[in-house]
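2 protein chains.
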Amino acid sequence: MDTPEHVEEAIEVLQQLGLKEYEARCFVGLTRLTTGTAKRLSEVTEVPRTRVYDAIRVLEAQGLVEIQHSSPQQFRAVPLAEATETLRDQYEERVDRLHNALDRVDVVDDDDGSPVQQVWAMAGRGAIENRTDQLVQKAAEEVVLVIGDDSLLTEDLVETLNELGSGVELVIGALTKSLQKQIQAAVPDATTFVSGLEWLRGENTTDDETAIGRLLLVDRSAILVSSIIPGTREEQAIFGEGFGNGLVVIARRLMAQGLIAARDPHQ
Amino acid sequence: MDTPEHVEEAIEVLQQLGLKEYEARCFVGLTRLTTGTAKRLSEVTEVPRTRVYDAIRVLEAQGLVEIQHSSPQQFRAVPLAEATETLRDQYEERVDRLHNALDRVDVVDDDDGSPVQQVWAMAGRGAIENRTDQLVQKAAEEVVLVIGDDSLLTEDLVETLNELGSGVELVIGALTKSLQKQIQAAVPDATTFVSGLEWLRGENTTDDETAIGRLLLVDRSAILVSSIIPGTREEQAIFGEGFGNGLVVIARRLMAQGLIAARDPHQ
DNA sequence: CTGAAAATCACCCGTTTAATCACAACCGAT
DNA sequence: ATCGGTTGTGATTAAACGGGTGATTTTCAG
Chain A
5 MDTPEHVEEA IEVLQQLGLK EYEARCFVGL TRLTTGTAKR LSEVTEVPRT
55 RVYDAIRVLE AQGLVEIQHS SPQQFRAVPL AEATETLRDQ YEERVDRLHN
105 ALDRVDVVDD DDGSPVQQVW AMAGRGAIEN RTDQLVQKAA EEVVLVIGDD
155 SLLTEDLVET LNELGSGVEL VIGALTKSLQ KQIQAAVPDA TTFVSGLEWL
205 RGENTTDDET AIGRLLLVDR SAILVSSIIP GTREEQAIFG EGFGNGLVVI
255 ARRLMAQGLI AARDPHQ
Chain B
5 MDTPEHVEEA IEVLQQLGLK EYEARCFVGL TRLTTGTAKR LSEVTEVPRT
55 RVYDAIRVLE AQGLVEIQHS SPQQFRAVPL AEATETLRDQ YEERVDRLHN
105 ALDRVDVVDD DDGSPVQQVW AMAGRGAIEN RTDQLVQKAA EEVVLVIGDD
155 SLLTEDLVET LNELGSGVEL VIGALTKSLQ KQIQAAVPDA TTFVSGLEWL
205 RGENTTDDET AIGRLLLVDR SAILVSSIIP GTREEQAIFG EGFGNGLVVI
255 ARRLMAQGLI AARDPHQ
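Going down the list, the sequences are from chains A and B.
The number in the working numbering is simply the position in the first sequence, starting from 1, with 4 added.
The number in the working numbering is simply the position in the second sequence, starting from 1, with 4 added.
There could be a bad hint or two in this list.
Identical copies go unnamed one by one, so any copy, or any two together, can satisfy a pair.
Keeping only pairs whose Cα atoms sit at most 25 Å apart, straight-line, the calculated SDA-like set for lysine to any residue is [claimed, not checked]:
1) Lys181 - Val198
2) Lys43 - Val123
3) Lys24 - Ala125
4) Lys24 - Asp223
5) Lys142 - Thr164
6) Lys185 - Ala125
7) Lys181 - Val123
8) Lys43 - Thr164
9) Lys142 - Ala85
10) Lys142 - Leu161
11) Lys24 - Glu13
12) Lys43 - Thr236
13) Lys142 - Pro192
14) Lys24 - Pro234
15) Lys142 - Thr39
16) Lys43 - Thr158
Everything labelled a hint here was simulated from the structure, so no lab data went into it.
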């Protein structure tokens, strides 16, 4: 059980979860001390002693620490399991409230009929994953999917793919042989193939070239292409829908030329 | 489908979930427009037009909106289901990271043997609920619970109570007859009773008196008493453990005098 | 080519948050 | 009772951040 790294990470995550720096430091400090006074806490956490009290009060109000009103006061963190459970509940509740509120809103629209040349950009691993799932789920005839990085083959995706009706042709490509095998094993119903998309990788395989993430074509009328930013490893994607859509047209062309994977699957 | 209230609430919740005001307004605005330009968005959301762009960029990076890079740019929100799913995932992931990081930390301690007169204070409905569950779960012989407000009889609590081994005597009290019936129905194995605790309510039943929340006594060695703040309806509790604990001693005295509910249950 | 709208930039200002200081209440030990 | 150090609170300063506005460049339609 070391500490150096993990303490930092815990503090960071707690801040992402909405705590201030001092609050985060104090909470982590308390999980290391099991119980402690303001003085000791201040020593361990580098939080000015006089500020420990404020931080603790906030934490207490959030149900993350307990206070013993003695002199000197003693503080202790709620057991880890309880704390995470509390946080989880808190967020579940918020997301629910959001969902309800937004459900009862919508429709001001007043939309002018938009053209059909729409290509949308989106970012964020999770969001792209969700969109991929959605698209695959509503496939009626054919799904062509190329995966460029094994980290993208998540459990959820595999599940979604396996739940596809048997009427839907499922073709999945991979950039490497090993990834192909992995896919074939996880999704037995799929026709898999390797590569055919070398042209998508950067000139060289250097890391600082933006790498292909996924390429998804559903019923030849919706397409999603994603790439992975070299530095941050963040995923970004473009996404087009509609048979007449420019992107989709290009994709169909590529398929016609056998560059993506045709209706008559290889192997 | 009205709007006025819900828009406000949605914006608020989104901010609690970590978005800035402009970002929240823009997202809600987009769920009302299905699709829109910076100009229209600015009109609907009251966000300065020149700032819409920043906000949208952040939202895009979080996977909550899509951008069409045309001129003028078009924005649209990810479908509600996808958005909430994305947020949920994001938080699950953070809580997990936190759990892991903190798991790998602990133990600096250096603790001096603490006395046994510990009485801890905690706050927050969720946190107190969790603690209540924990305590009930580890009961070995006897659980005495008094509930002062029907909003405290949550599904989780009912479940926990019903999962208690048959070797544990379960006595549950309520401040009103109707609440008692409710409890008896939800937890058939329990011996229920009414009141016996009038002295816990304020002099008068006025709302501005802090009301009793719950009172829990487990195996006569751990006790938790909570009250509900008049203004905010927030719950706060004190909690003591150990047979020799002062609070616990008091509680035992009260029981011995029949003030809480004795080993030989009423009705 | 020209004017208006679109998009990006740069700056201001009030609030929040981190950090320090001054002080009164308190405690333990002589 | 007294004294030195600790403990808790409040006030204060400085830096960071978020909201708000105007100037500047780019883009597009006429």
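Against the structure, the hints:
1. Taking the closest pair of Cα atoms, Lys181 and Val198 come within 25 Å of each other only inside a single copy of the chain (6 Å); across copies the shortest separation is 71 Å, beyond that limit.
2. When the C-alpha separation of Lys43 and Val123 is checked against a cutoff of 25 Å, the pair qualifies only between copies, where the shortest distance is 20 Å, while the shortest distance within a copy is 58 Å.
3. Within a single copy, Lys24 and Ala125 get their C-alpha atoms only as close as 33 Å, which misses the 25 Å cut-off; across copies the closest is 22 Å, which meets it.
4. Taking identical chains as interchangeable, the C-alpha atoms of Lys24 and Asp223 are never at most 25 Å apart, the minima being 48 Å within one chain and 39 Å between chains.
5. Taking the closest pair of Cα atoms, Lys142 and Thr164 come within 25 Å of each other only inside a single copy of the chain (10 Å); across copies the shortest separation is 40 Å, beyond that limit.
6. In this homomeric assembly, Lys185 and Ala125 never come within 25 Å of each other (Cα to Cα): the closest approach is 31 Å inside a single copy and 56 Å across copies.
7. Taking the closest pair of Cα atoms, Lys181 and Val123 never come within 25 Å of each other, the shortest separation being 32 Å inside a single copy and 62 Å across copies.
8. With identical chains, the CA atoms of Lys43 and Thr164 are never at most 25 Å apart, being 53 Å at best within one copy and 39 Å at best between copies.
9. Taking the closest pair of Cα atoms, Lys142 and Ala85 come within 25 Å of each other only across two copies (15 Å); inside a single copy the shortest separation is 38 Å, beyond that limit.
10. Proximity of Lys142 and Leu161 under a CA criterion of 25 Å is satisfied intra-copy only: 14 Å inside one chain copy versus 39 Å between copies.
11. Taking identical chains as interchangeable, the C-alpha atoms of Lys24 and Glu13 lie at most 25 Å apart whether they share a chain (14 Å) or sit on different chains (23 Å).
12. With identical chains, the CA atoms of Lys43 and Thr236 are never at most 25 Å apart, being 39 Å at best within one copy and 32 Å at best between copies.
13. Taking the shortest alpha-carbon separations for Lys142 and Pro192, only the intra-copy value of 20 Å comes in at or below 25 Å, while the best inter-copy value is 46 Å.
14. Taking the closest pair of Cα atoms, Lys24 and Pro234 never come within 25 Å of each other, the shortest separation being 31 Å inside a single copy and 28 Å across copies.
15. In this assembly of identical chains, Lys142 and Thr39 lie within 25 Å of each other by CA distance solely across copies; the values are 22 Å between and 54 Å within a copy.
16. Taking the shortest alpha-carbon separations for Lys43 and Thr158, neither the intra-copy value of 46 Å nor the inter-copy value of 39 Å comes in at or below 25 Å.
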